[in-house]
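For the protein sequence lines, the chains are F and Z, in the order given.
Numbering-wise (this note's numbering), the first sequence opens with residue 1 and increments by one.
Numbering-wise (this note's numbering), the second sequence opens with residue 1 and increments by one.
Bear in mind the hints are in silico, worked out from the structure with no lab data behind them.
Keep in mind it's a predicted model, so treat the numbers as computed, not measured.
Check each hint, because a few of them may be wrong.
[Unchecked claim] Interface residues of chain Z toward chain F, partial, derived using beta-carbon atoms under 10 Å:
1. Thr27
2. Gly29
3. Ala31
4. Gly49
5. Arg55
No residue lacks a Cβ here, since even glycine has one placed at the ideal position from N, Cα and C.
Chain by chain, the residues:
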Amino acid sequence: MAAEAEVLDELHRLRARVPQLTGALAASVDGLVLAQDTPGVEPEGVAALTAAALGVAVRLADATSQGDFRELLVRGTDGYVATYAAGSSAVLTLLAEDAVNVGRLHLEGRRSSSRIGELVEEAAARPEPVRTRSPTGNRSRAATEPPPPLPTRTPRGGARTPAPNTTTTERAGKSR
Amino acid sequence: MANTETALKEALASIEGATGAALVDYTSGMALGTIGGSKGFDLNVAAAGNTDVVRAKLRTMEHLGLKGEIEDILITLSDQYHLIRLIQGRGGNGLFLYLVLDNKRANLAMARHQLKRIESDLEV
Chain F
1 MAAEAEVLDE LHRLRARVPQ LTGALAASVD GLVLAQDTPG VEPEGVAALT
51 AAALGVAVRL ADATSQGDFR ELLVRGTDGY VATYAAGSSA VLTLLAEDAV
101 NVGRLHLEGR RSSSRIGELV EEAAARPEPV RTRSPTGNRS RAATEPPPPL
151 PTRTPRGGAR TPAPNTTTTE RAGKSR
Chain Z
1 MANTETALKE ALASIEGATG AALVDYTSGM ALGTIGGSKG FDLNVAAAGN
51 TDVVRAKLRT MEHLGLKGEI EDILITLSDQ YHLIRLIQGR GGNGLFLYLV
101 LDNKRANLAM ARHQLKRIES DLEV
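Work out the full structure, taking the sequences as your base and the hints as a guide.
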């Protein structure tokens, strides 16, 4: 996914607007981190859990005829985890302390998630999905360079030329 | 005794110049009920924003060591009055009534008096 820098900007803006946020993370619906600002929390784990929770939430909404997934709010004794749909392929997950103004959290979270949805879809619609870090907006020029490898989660027994006699479990262990 | 919906309806109907009202939980910033408002004036946005106002005032009072309680907060705009009335007792703790008035039509003293009456009748 491209648009990482723009999405990260949006996350920073969001954290400035809602000071009680302790973390913000944009992930694809299949659990890959797009951009994150989550000090003290491992973003990969949160993204993966978000994807799992999202799967249940989507099915729950569907099974009870509530339409498409919009958002998910979890409250712990010490704070909140809120997940908002950001377009059809991404989600925004926010971590907030218990004292947060939930009304504001929803307002800002919804606004931000639709913005992130637009950014992600714009990036996906570009002819060449090159990661653009330059803020110039001159993206057609970047397309002439070879695209850098995308941050994908390697599937089990992945395609990255494993040594012929190593098993998948060994490989998973080594990659940690 | 009036429930949330009746109280809000009464606020809008009986207070001259009222254009919107909401009952807001300031522990969460979410509105328990809203009435009036318009496309350009989202009462849920107002609920969240005014929650910050109430919380800031409560925090300031705590820092100043003031023991009293907030009865109401008046915000005067060039063409509107916004009245925030905190609900006292009877499990209404952590709630406030929010009233938007058109300042050309409203009588502030009367509005404040009526809102106080509506608050005392409200049962959440």
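Comparing the hints with the structure gives:
Restraint check, Thr27/Z versus chain F: the minimum CB separation of about 9 Å is within 10 Å; hint holds. Because the beta carbon of Gly29/Z sits about 3 Å from the nearest beta carbon in chain F, less than 10 Å, this interface hint is met. Restraint check, Ala31/Z versus chain F: the minimum CB separation of about 7 Å is within 10 Å; hint holds. Because the beta carbon of Gly49/Z sits about 7 Å from the nearest beta carbon in chain F, less than 10 Å, this interface hint is met.
The beta carbon of Arg55/Z comes within 7 Å of a beta carbon in chain F, closer than 10 Å, and the hint placing it at the interface holds.
Every hint from the earlier list agrees with this structure, and none is contradicted.
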